[in-house]
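Generate the whole structure from the sequences, applying the supplied hints.
Protein chains in written order, with the numbering used here: chain G, 1 to 213; chain C, 1 to 526.
Just so you know, these hints were derived from the structure itself, not from any lab. Some hints could be false.
Taking beta-carbon pairs under 10 Å as the criterion, some of the chain C residues facing chain G (in silico) [as the list claims (entries may be wrong)]:
| # | residue |
| --- | --- |
| 1 | Val-8 |
| 2 | Ser-11 |
| 3 | Pro-28 |
| 4 | Ile-29 |
| 5 | Leu-30 |
| 6 | Ala-31 |
| 7 | Val-34 |
| 8 | Gly-35 |
| 9 | Arg-42 |
Quick reminder that beta carbons are idealized off the backbone N, C-alpha and C, glycines included.
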Amino acid sequence: MSAAALTAMQQGWQSCEGCGLLSRPVAGAHEGRCPRCDEELTFRKRASVQRTWAYLAAAAICYVPANVLPVLTTVTAGGRESDTILQGVVLLWSPTGWPLSLIVLFASIMIPSAKILALAYLLISVQRGSIENNEQRARLYRTVEFIGRWSMVDVFVDTFTAALVQLQPLMSVEPGPGLPFFAAVVVLTMLAVESFDPRFIWDAASANEVRYA
Amino acid sequence: MPDSDLPVPESRRVSRKRTRLSLVWVIPILAAVVGVWVAITRILAEGPTITITFQTAEGLEAGKTKIHYNGVDVGTLTAIRLSDDHLRVIATGEMAPKTEGFLVDDTKFWVVSARISGANVTGLGTLLSGAYIGMEIGESKVKKRDFVALDTPPVVTGETPGRFFLLKTPNLGSLDAGTPIYFRRLQVGQVASYELDKDGQSLTVKTFVNAPYDQYVTPNTRFWDASGIDMSLTANGLTLRTQSVMSILVGGIAFETPATGPLLPPAEANTVFTLFSDRTTAFKLTARDPQKFVLVFTDTVRGLSIGAPVDFHGIPVGEVVDVSAQIDAKTFQFSAPVTIVLDAMRLGVQVVGMEPGADFAALRRKMIDNLIAHGVRAQLRTGSLLTGALFVAFDVFPDAPAATVDWSRQPAELPTIPGQLEALEANVAGIIKKVNEMPLKAIGDDLQKAIVELDRTLVSARGTLDAGRGTLDNANRLVEPNSVLGVELANTLQEVSRTMRSVRVLADYLERHPESLIRGKPGEAK
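Right, dumping it as structure tokens:
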């Protein structure tokens, strides 16, 4: 499909996300409400790029303490030991346990950072009005959207372990201060993905360049 | 393409004040603020870094080994490396925040691991948790970051209430750090450390007496080594003293304050005391008014040891300080001059009735002269038959030859009398002599005669006994059941029985009707 194909926005129409009705905004306005189902109507997600940037920045900020602070504190009779995510990866790395180690490495370190980088790339390319690799970028966005929720695995594992391993006074596991930050990274990247409007990828290719950022 | 061609309705107008900057930016700002705050608290939580030099890193583990103060975790070892000369181990410790005040010049560190030494089993908890580093905070104001660990953990840390006292001893014996200190057999402290004095002549044992027992240590207090069993076999008999089973095994120090002495305030910390070898030595009072005398004994002094008691009427008044020997060049008589020290006051004899300001020395001479004149003599006596130990006894011997004291000689010689043993020997010799003089043969002859006489007497006695047996037979016949006398006797007894029954009936009647004595039976009266 050619990039110059007709879009609703080019026609000055807005498609209702609630009921699919096409409508025209009142003259001079960019937003309105669907005459049929009263859903909010915009050409593109409101302040999409800005909001995505904000969420992304917050996620990037939280990513630092999430990886620097320990996420899990193991208290045994021998003392207490706090491990960060990376230390956990190293700890799990053994001739038999390396697949688990790899899972943690991917789910907890690589995927969140990949998401942040991917979104940043998408945002920059959209803001620069890039018209190249549109299909790849669209695929990238879909992948990021799909994969995002799986990053919560680490948080779940941590909270489950902390809840189950309470063999006081022999051994207990407590969540570390890094865990809330890690959860924040996952949630914020998901919000960022959510607030990004993939239609921007294609807008630049259209003749009428509209910017709502 | 005109818009109107298609039936696209107009959307409803909404009035919304558009802001250029979305509110969503609050989220990254919030994240940044929280992140910075966490970072700041983390940095603030960072305590000082110290290095501790150890002889060996045994039991230490970087990242695991904790530094404890009074059981509180105040730091962790973060790295352990060898010193540049490879002889020592330098451990880097990350201290908890606000511990800067702990790290002063005289702060001490040591490794705490399970230790079993005699009386003490410490650090059992470390068997599970691994060794940790103990510390004692110094009092100096000089900051320090590089420390050298103690080789052995101190027995007493500065936080324990109590006081240190120093004991001087010529040898360490079985004492060691941690050796218990007993007061009335109650463990009240322990040996903290010991060190050889600079001159190498004695040791200073640093002991710690826990509060509140430290108040019982006064300048007058005696410390003695209560290790093992204190057994002495002297003229006073067998003495056996121990503090506790533990002290027998691992040694111990005991202290006590003489009850007789004046009541003194508790001793200052680090007061130096002498560590006596045993309780008896410890409790020997210091000399008050010692007087030296010489006693020349002609009998054997075997069993008379230095330190043997000298008593008067059984009251100890002094002790033997020297035993020597001499030969008289004229008579070639061998004798043993025994030097004694009399100090009755030290041994608790009190002088009463003395006028103030009187010349006590003159008074004493007069008293001794008087006693000698009344026959008081020194004599060697056996204190214990078991050991044969001798002691010097002064006693009154009215039959003793007259003697005087030559006060011009120093020390003056007091008259003696041969010892009991010698007297006993003489007595035994006398008895043997008398036994020898007995006319044993004549006695034997007399005895034989007497036995022959006795034999005869016994023969005549048998005749008498035979006659007696005949008499008894006759008597026996008389009392046989079928004999005439027997039957008669039975009849008579039955008669008597019947009579007695009528008498009882009469008596019963009279008891019920006493008036019948006067009026007769009522039936008869009618």
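Each hint tested on the structure:
Because the beta carbon of C/Val-8 sits about 5 Å from the nearest beta carbon in chain G, less than 10 Å, this interface hint is met. This hint holds: C/Ser-11 has a C-beta 3 Å from the nearest C-beta of chain G, less than the 10 Å allowed. The interface hint given for C/Pro-28 is met, as the beta carbon of that residue sits about 4 Å from the closest beta carbon of chain G, less than 10 Å. About 8 Å separates the beta-carbon of C/Ile-29 from the nearest beta-carbon of chain G, less than 10 Å, and the hint is met.
Annotation: interface hint on C/Leu-30 holds; nearest CB of chain G at approximately 7 Å, less than 10 Å. For C/Ala-31, the interface hint holds, since its Cβ comes within 10 Å of a Cβ in chain G; the closest pair sits about 4 Å apart. Annotation: C/Val-34 was flagged as interfacial toward chain G, and the flag holds, the nearest CB pair being 8 Å apart, inside 10 Å. Because the beta carbon of C/Gly-35 sits about 5 Å from the nearest beta carbon in chain G, less than 10 Å, this interface hint is met.
Interface hint at C/Arg-42: satisfied, since its Cβ lies 8 Å from the closest Cβ of chain G, which is below the 10 Å cut-off.
In the structure shown, no violation is registered for any of the earlier numbered hints.
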